[in-house]
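Asks: For chain A, the structure is supplied; the task is to place chain B on it using the hints.
Listed in order, the protein sequences are those of chains A and B.
Here full-length UniProt numbering is used: position 46 in the first sequence is 46, and no number is missing along the way.
Here full-length UniProt numbering is used: position 70 in the second sequence is 70, and no number is missing along the way.
What the hints contain is simulated information worked out from the structure, not anything from laboratory work.
Watch out, some of these pointers could steer you wrong.
Unchecked claim - Taking CB as the label site, the calculated pair distances span:
| # | chain 1 | residue 1 | chain 2 | residue 2 | range |
| --- | --- | --- | --- | --- | --- |
| 1 | A | T64 | B | L59 | 38 to 46 Å |
| 2 | A | L139 | B | A35 | 17 to 25 Å |
| 3 | B | F72 | A | R59 | 48 to 56 Å |
| 4 | B | G25 | A | E169 | 24 to 32 Å |
| 5 | B | N30 | A | S68 | 29 to 37 Å |
| 6 | B | A73 | A | S68 | 44 to 52 Å |
Cβ atoms here follow ideal geometry from the backbone N, Cα and C, with glycine treated the same way.
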Amino acid sequence: MATEAEGGGLVFHPMDQFIVKPLFGDGAVGMFTFTNVALWLLLAVACVVALMVLGTSKRATIPTRTQSVAELAYGFIYKMVEDVTGKDAVKYFPYIFTLFMFIVFSNFLALIPMSFSPTSHIAVTAILGFGVFFAVTILGFVKNGAGFLGLFWVSSAPLALRPVLAIIEIISYFVRPVSHSIRLAGNIMAGHAVLKVFAGFAAITAVAPLAIFGIIGIYALEVLVSFIQAYVFTILTCVYLKDALHPSH
Amino acid sequence: MEGDLAHIGAGLAAIGSGAAAIGVGNVAGNYLAGALRNPSAAASQTATLFIGIAFAEALGIFAFLVSLLLMFAV
Chain A
1 MATEAEGGGL VFHPMDQFIV KPLFGDGAVG MFTFTNVALW LLLAVACVVA LMVLGTSKRA
61 TIPTRTQSVA ELAYGFIYKM VEDVTGKDAV KYFPYIFTLF MFIVFSNFLA LIPMSFSPTS
121 HIAVTAILGF GVFFAVTILG FVKNGAGFLG LFWVSSAPLA LRPVLAIIEI ISYFVRPVSH
181 SIRLAGNIMA GHAVLKVFAG FAAITAVAPL AIFGIIGIYA LEVLVSFIQA YVFTILTCVY
241 LKDALHPSH
Chain B
1 MEGDLAHIGA GLAAIGSGAA AIGVGNVAGN YLAGALRNPS AAASQTATLF IGIAFAEALG
61 IFAFLVSLLL MFAV
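Looking at chain B on its own, in the form it has when it is part of the complex:
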């Protein structure tokens, strides 16, 4: 399946990982901004930070999965 439409689709789906990168950057950046304003409250919120990153990242992983499916399963 050289030059298949599925490959183009897989490439397009990979744009989703860029979107997830924006999301993860947003979470981490806002956490850091908040942590520098009030460092004493930062330590208690690291768990929330990781949950937020995980949720943002999951959607990027879905995009990656779609692209894998297009590459190997379609």
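Looking at chain A on its own, in the form it has when it is part of the complex:
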């Protein structure tokens, strides 16, 4: 789907970077084909493992740079779980920390030029989002039994209003995993597409300087967005977890 603009400007399509290809050979992508998505997901996992294992293996009193980063990330998420979800939710901290580290590393690795962004695919983020949704829903029922349904019955509202609110609450509850996953994928996809559009403008001589400064600016913004979207995904997981543990309004 290459678009040829006059004057040799945009010679590639901005969405081409998201095509899932088999890594070895070029056949159809089947269920167990090793694709570029799989490669970059594995790289993200490898980076997280490397950071946490190398960072915490020495346990020095005066931390090295790697250990500082590992401790900083750990402390940051630990404080977030404690603040947002409450002290009793700290036992779910490993899950939330894993989610955060995985997303933040897939986002940052995707910013390397010529790399691939796995989190730009709704298929990837939907697994994460629906994983959180099912985990939280099952946990809510296990912890509170039928009392979990109190989440939909707003007892602080007037009685006549409650059925209406219950319907709205139920709809908003089931939209959660959709918005949760599409927010991440949409942000990353949009950012990378914008970068590629500006890269296409850079080939047109008249606007090239402007486009290159545009790329620098957008790239800086994307670094910020990569972190913020991982943060938002994690904090929303914490909020949903709080709803599951304490469903009463």
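Replies: Below, chain B without anything else, positioned relative to chain A:
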């Protein structure tokens, strides 16, 4: 599909990102106004700020998604 109606629809759906921009600006602006009145309470509310921004932004992303679907899936 040059000059298709779907392209016009995709362009119209992109107006939604402008609406989301208004929403995000509202959240951030009101946060800043509140934070300048009472700076000591600001630090504890940054998490709420980001949740609010995320919710406002999600709907803009939906608009973007509709426009993508019209461009590539219809």
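Asks: For the pair N30 (chain B) and S68 (chain A), does the Cβ-Cβ distance stay inside 29 to 37 Å?
Replies: 35 Å, holds
Asks: Mind checking the hinted window 48 to 56 Å against the Cβ distance between F72 (chain B) and R59 (chain A)?
Replies: Check passed, 50 Å falls within 48 to 56 Å.
Asks: Just to be sure I understand the hint, the distance between the Cβ atoms of L139 (chain A) and A35 (chain B) should be within 17 to 25 Å; is that true here?
Replies: 34 Å, violated
Asks: For the hint 38 to 46 Å, verify it against the beta carbon of T64 (chain A) and that of L59 (chain B).
Replies: Holds, at about 44 Å.
Asks: At the C-beta level, are A73 (chain B) and S68 (chain A) separated by a distance inside 44 to 52 Å?
Replies: Between A73 (chain B) and S68 (chain A), where Cβ atoms are some 46 Å apart, the hint holds.
Asks: Regarding G25 (chain B) and E169 (chain A), is the given constraint of 24 to 32 Å on their beta-carbon distance met?
Replies: Once the Cβ atoms are compared, 28 Å apart, the range 24 to 32 Å for E169 (chain A) and G25 (chain B) holds.
When held up to the earlier numbered hints, the structure conflicts with hint 2 and nothing else.
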